[in-house]
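Asks: Read off the chains here:
2 protein chains.
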Amino acid sequence: MADAIGYNMNTRLYLDDLLQGQRFVTRTYSVDAEQIKTFAYQFDPQPFHLDEEAAKGTLFGGLAASGWHTAAITMRLLVETGLPLAGGIIGAGGEISWPNPCRPGDILKVHSEIEEVIPSRSRTDRGIVRVRSETRNQHDQAVQILIARLIVPRRIDKASLPTGPME
Amino acid sequence: MADAIGYNMNTRLYLDDLLQGQRFVTRTYSVDAEQIKTFAYQFDPQPFHLDEEAAKGTLFGGLAASGWHTAAITMRLLVETGLPLAGGIIGAGGEISWPNPCRPGDILKVHSEIEEVIPSRSRTDRGIVRVRSETRNQHDQAVQILIARLIVPRRIDKASLPTGPME
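Listed in order, the protein sequences are those of chains A and B.
This note's numbering puts the first residue of the first sequence at 1, with every later residue one more than the last.
This note's numbering puts the first residue of the second sequence at 1001, with every later residue one more than the last.
Mixed in with the good hints, there may be bad ones.
[Claimed, not checked] Below, computed lysine to any residue pairings styled on SDA-like, alpha-carbon distance capped at 25 Å:
#, chain 1, residue 1, chain 2, residue 2
1, B, Lys1037, A, Asp32
2, B, Lys1056, B, Tyr1041
3, B, Lys1056, A, Ile151
4, A, Lys109, A, Glu95
5, B, Lys1109, B, Gly1087
6, A, Lys109, B, Gly1093
7, A, Lys37, B, Ser1030
8, B, Lys1056, A, Gly91
9, A, Lys109, A, Gln35
10, A, Lys37, B, Asp1032
11, B, Lys1037, A, Gly87
12, A, Lys37, B, Lys1037
13, B, Lys1037, A, Ser30
14, A, Lys56, B, Leu1013
15, B, Lys1056, A, Arg126
Keep in mind that the hints were calculated from the coordinates and are not lab data.
Input sequences plus hints: build the corresponding full structure.
Replies: Here it is in structure tokens:
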């Protein structure tokens, strides 16, 4: 059932629907050199993200995507097919790391797991969900690990709402 | 002196040059609605990043930049005028949060401070520097706080290197 959730864009999950251990997998995304350079030129203009030859003499040993490019691609995958949350994917923050470089030719997919569901004490209409999202390449190596704190609305119990005018 | 370092692109700092408490400030960067929508369309296609009207009914209450867009802008500012590190700005990972939304019209500037300098035990040629970078708007409100772990090379002591051929 968790598998099905990941691919059904019509399912919208509230805090009350989420459980520790639930998993979601996105579609794949192909990264090429042109995308890597275009992003880097705009946001991270360093030799190892811009030019194959210049990248050889650096710590990366070859062209690699900016970590923020990997983060942005991960977000796109999560928004499109990864986490069908009611209210959208709204991050309060998180921890991020890049255990392996993302290279031209990589085919990425994001594997997410709900780590914790924390109803808000002060706001009864929402809570925080801690989600671990691993962005893996075609060799199943993690190019990014993100442990995000997402703000998720609660399912409103209509019976408990004040009665409004008829529509 | 710390102020001067931030603006001199010819200064390249090694691990040995960095000290806890050193500060660096970037130039400013103006964010507009068009940039916010362009980034969102490509990487974070959610209503509150794409459309002023649709954003009104969401948690953001109006158009706001994707957090990953703020992160990407922050990186550009750090690369261009923020942290003149030898070897470039190479992140191993970090913690990120977005305390306030970044809005159209915001003028951003990044304030960084070295929190810790950690020479590697296994690799004598490098170390990790923990840097806190606050991305602030024109009202001095933080729109992003990033505590990054950066990989920084050590200054090589030429006297200790094996003697090579004369050039």
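Asks: Would you mind marking each hint as holding or not holding in the structure?
Replies: Right, here's what the structure says about each hint:
| no. | hint | in the structure |
| --- | --- | --- |
| 1 | Lys1037(B) to Asp32(A) | holds (23 Å) |
| 2 | Lys1056(B) to Tyr1041(B) | holds (18 Å) |
| 3 | Lys1056(B) to Ile151(A) | holds (17 Å) |
| 4 | Lys109(A) to Glu95(A) | holds (19 Å) |
| 5 | Lys1109(B) to Gly1087(B) | holds (23 Å) |
| 6 | Lys109(A) to Gly1093(B) | holds (20 Å) |
| 7 | Lys37(A) to Ser1030(B) | holds (23 Å) |
| 8 | Lys1056(B) to Gly91(A) | holds (18 Å) |
| 9 | Lys109(A) to Gln35(A) | holds (17 Å) |
| 10 | Lys37(A) to Asp1032(B) | holds (23 Å) |
| 11 | Lys1037(B) to Gly87(A) | holds (18 Å) |
| 12 | Lys37(A) to Lys1037(B) | holds (21 Å) |
| 13 | Lys1037(B) to Ser30(A) | holds (23 Å) |
| 14 | Lys56(A) to Leu1013(B) | holds (21 Å) |
| 15 | Lys1056(B) to Arg126(A) | holds (18 Å) |
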